[in-house]
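Student: Below, each chain spelled out in residue letters.
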Amino acid sequence: MGQFDFNRLRRLEDAEAIRNLIASYGPLADSGDASAVAALWTGDGSYSVGDFGVAKGRQAITALIESDMHQNLMKQGCGHILTSPHIILGNDSAIATNHSIVFRHVDDRYETWRVSANRWQLVHTDDGWRVGHRDNRPLSGDERARALLSL
Amino acid sequence: MGQFDFNRLRRLEDAEAIRNLIASYGPLADSGDASAVAALWTGDGSYSVGDFGVAKGRQAITALIESDMHQNLMKQGCGHILTSPHIILGNDSAIATNHSIVFRHVDDRYETWRVSANRWQLVHTDDGWRVGHRDNRPLSGDERARALLSL
Amino acid sequence: MGQFDFNRLRRLEDAEAIRNLIASYGPLADSGDASAVAALWTGDGSYSVGDFGVAKGRQAITALIESDMHQNLMKQGCGHILTSPHIILGNDSAIATNHSIVFRHVDDRYETWRVSANRWQLVHTDDGWRVGHRDNRPLSGDERARALLSL
Numbered sequence: 001m002g003q004f005d006f007n008r009l010r011r012l013e014d015a016e017a018i019r020n021l022i023a024s025y026g027p028l029a030d031s032g033d034a035s036a037v038a039a040l041w042t043g044d045g046s047y048s049v050g051d052f053g054v055a056k057g058r059q060a061i062t063a064l065i066e067s068d069m070h071q072n073l074m075k076q077g078c079g080h081i082l083t084s085p086h087i088i089l090g091n092d093s094a095i096a097t098n099h100s101i102v103f104r105h106v107d108d109r110y111e112t113w114r115v116s117a118n119r120w121q122l123v124h125t126d127d128g129w130r131v132g133h134r135d136n137r138p139l140s141g142d143e144r145a146r147a148l149l150s151l
Numbered sequence: 001m002g003q004f005d006f007n008r009l010r011r012l013e014d015a016e017a018i019r020n021l022i023a024s025y026g027p028l029a030d031s032g033d034a035s036a037v038a039a040l041w042t043g044d045g046s047y048s049v050g051d052f053g054v055a056k057g058r059q060a061i062t063a064l065i066e067s068d069m070h071q072n073l074m075k076q077g078c079g080h081i082l083t084s085p086h087i088i089l090g091n092d093s094a095i096a097t098n099h100s101i102v103f104r105h106v107d108d109r110y111e112t113w114r115v116s117a118n119r120w121q122l123v124h125t126d127d128g129w130r131v132g133h134r135d136n137r138p139l140s141g142d143e144r145a146r147a148l149l150s151l
Numbered sequence: 001m002g003q004f005d006f007n008r009l010r011r012l013e014d015a016e017a018i019r020n021l022i023a024s025y026g027p028l029a030d031s032g033d034a035s036a037v038a039a040l041w042t043g044d045g046s047y048s049v050g051d052f053g054v055a056k057g058r059q060a061i062t063a064l065i066e067s068d069m070h071q072n073l074m075k076q077g078c079g080h081i082l083t084s085p086h087i088i089l090g091n092d093s094a095i096a097t098n099h100s101i102v103f104r105h106v107d108d109r110y111e112t113w114r115v116s117a118n119r120w121q122l123v124h125t126d127d128g129w130r131v132g133h134r135d136n137r138p139l140s141g142d143e144r145a146r147a148l149l150s151l
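Protein sequences, first through last, are from chains A, B and C.
Numbering of the first sequence is given in this note's numbering, commencing with residue 1 and proceeding in unit increments.
Numbering of the second sequence is given in this note's numbering, commencing with residue 1 and proceeding in unit increments.
Numbering of the third sequence is given in this note's numbering, commencing with residue 1 and proceeding in unit increments.
Simulated from the structure, these hints should not be mistaken for lab results.
Errors might be hidden in some of the hints.
Just so you know, same-sequence chains aren't split out, so a pair can sit in one copy or run between any two.
Once the Cα atoms are required to be at most 25 Å apart in a straight line, the calculated SDA-like pairs of lysine to any residue come out as [claimed, not checked]:
1) Lys75 <-> Glu143
2) Lys75 <-> Gly141
3) Lys75 <-> Phe52
4) Lys75 <-> Ala147
5) Lys75 <-> Ser48
6) Lys75 <-> Arg144
7) Lys56 <-> Asn136
Model the full structure from these sequences, guided by the hints.
Tutor: Put into structure tokens, the structure is as follows:
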């Protein structure tokens, strides 16, 4: 019974940690903390961003945030919005599924720049939960984006 | 004390399960998994969608997702965004309140099509938490939409 | 071990309570429940809303919701959307970070009026978790808004 409760606690803590990990992406991206964004991933983790290609490893993910595109977006004003994920929890791995939206500030108004599907493969490491792979693709009618959201 | 902890665990698990149930709606709707959307509801559950009327029972809810309107929305590109709900938890029932937004892809940009209030009546069944009734109404100045959000 | 589990339960309950507190802001603001909005704060809590200044104490926060600006927004149709917060939990205090978006209904469409950074200082009181201070600032290129999101 103690062991049973312990496993139930552990599962709740896992869900909580995964949710907090994903909830940190938007604030870290919008405050431009490139190394902290990269540290959400495992050392050899990867991030596939629609048609921009795949960033492999923390250095490549850091470079995404340090890129002119991202830095200009920040200066212009942007919001990286992520929804609370649906989580399928395994023992030391998990799949999370959610939406992300990027708003950008243009001429005193906000434009909805991207509305995307996201699928996160998460792994439990010695340092806690990290992203093994994140797949992001705009929901612009592309069947591959819809497929990311299948549960 | 053991029993006490057990109840506290159970309440946390209930909140987690309800959050995950609601978090699955957007991914399932956007990937077009009509029967899985319907299975979020109880067998005789119902879904009131603003002025579109009330879908009663799983067959009617399946039909919403299989409708030309929803299928065209998917092909065009859409995102069904739901916020993390406020949850009032009873023993075997709960009320959750949140917002939903539907973005649609039009001419290479995203249009905010609907911003709605949602009130979910949830019930704990032998198969876990399910939706007994969901009430959705666009926040377009309609007093009935605002009333759905009163806590 | 019992004590250990108890602390782990308490931390999960704290995160859950903080998430539910923040999740209630949007529904309460959009349903116009001014006194319930104010009651999310401590008696001497404060709410800094970008360039609108700082509302100090529950009476001032009540006045924000009862203001002509907010009441007109509600009549016109609006949605106060908040993302699931990143939470850094202390013993009796916490920092939560998230985004908020205000949509308003204009001429049969929805306009993205504000996309903001939020930083919440929360305190555990005898009545449960309350907001000690909330800092909100639009992400319009302002460095101070980005700074609110640093973790």
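Student: Look at each hint and say if it fits the structure.
Tutor: Evaluated hints:
1. Taking the closest pair of Cα atoms, Lys75 and Glu143 come within 25 Å of each other only across two copies (8 Å); inside a single copy the shortest separation is 33 Å, beyond that limit.
2. Taking identical chains as interchangeable, the C-alpha atoms of Lys75 and Gly141 lie at most 25 Å apart only when they sit on different chains, with a minimum of 5 Å there against 30 Å within one chain.
3. With identical chains, the CA atoms of Lys75 and Phe52 are at most 25 Å apart both within one copy (21 Å) and between copies (22 Å).
4. In this assembly of identical chains, the alpha carbons of Lys75 and Ala147 lie at most 25 Å apart only when taken from different copies (12 Å versus 33 Å within one copy).
5. Within a single copy, Lys75 and Ser48 get their C-alpha atoms as close as 24 Å, and across copies as close as 22 Å, so both meet the 25 Å cut-off.
6. For the identical chains of this complex, Lys75 and Arg144 are inter-copy neighbours only, at 11 Å across copies versus 31 Å inside a copy, given an alpha-carbon limit of 25 Å.
7. Proximity of Lys56 to Asn136 under the C-alpha cut-off of 25 Å is restricted to the intra-copy arrangement: shortest distance 14 Å within a copy versus 35 Å between copies.
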